[in-house]
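A.B. asks: One-letter residues, chain by chain:
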Amino acid sequence: EAGVAQSPRYKIIEKRQSVAFWCNPISGHATLYWYQQILGQGPKLLIQFQNNGVVDDSQLPKDRFSAERLKGVDSTLKIQPAKLEDSAVYLCASSHGTSGGKTQYFGPGTRLLVL
Amino acid sequence: DQQVKQNSPSLSVQEGRISILNCDYTNSMFDYFLWYKKYPAEGPTFLISISSIKDKNEDGRFTVFLNKSAKHLSLHIVPSQPGDSAVYFCAASARYSGGGADGLTFGKGTHLIIQP
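So the protein sequences, as listed, match chains A and B. Position one of the first sequence corresponds to residue 28 (our numbering), numbered consecutively onward. Position one of the second sequence corresponds to residue 3 (our numbering), numbered consecutively onward.
Same shape as in the complex, but just chain A (with noise of 0.2 Å):
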């Protein structure tokens, strides 16, 4: 079975530029999950998709950070415009149904640098 998988891989903009990350779930994952991990700290939740709704984004700077995860699978994760902070790996992960306490299975996750 497939695992997550995530492009591209690296990424390095300048501040203030646009930049935008794809995930592709497990095959037959409802629910899709992006998280930021900042150099020393765990991962921390942006956005949670179940199938293409969201059900929770109460972490992420909606000023600046947008996801769509549109026909339920794929998904999109955009930063418009990048600050400098915003340097970190963007993981993503999925999990088979929609009830509570699922494992969650992550991507490579996308190294961003913000110059």
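I should point out that these hints are in silico values taken from the structure, not numbers from a laboratory. We treat Cβ as the ideally placed atom computed from N, Cα and C, and that holds for glycine.
Heads up, incomplete: computed chain A residues facing chain B, CB under 7 Å, no partners named:
1. G69
2. P70
3. L72
4. Q75
5. Q77
6. V82
7. D83
8. L118
9. T130
10. P135
Model the placement of chain B on the given structure of chain A, informed by the hints.
C.D. replies: Positioned in the frame of chain A, the structure of chain B alone reads:
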């Protein structure tokens, strides 16, 4: 406000001995706990989980213990092997917080080094 704490940034253990990684939490709503292992340049890999209705869960060399009254959990690895060298993250979720939201809250991680 850190709701999940891993107070040891690093831990060094001799190969073949037991590794014990600790985690404390403050949110009483957390009822599902997981341990993830992470190698450099890779995403976290799921190791083992435990529900709040249990106090122990075992899977091969890995055992997780949960002490709800102390809001403390630990991961035991025995025997420790060189391939166990990695960063270990403790994570927690409140499964029934409403609306299906069950995002994980992570600790900062403990870097486990297994010495030959």
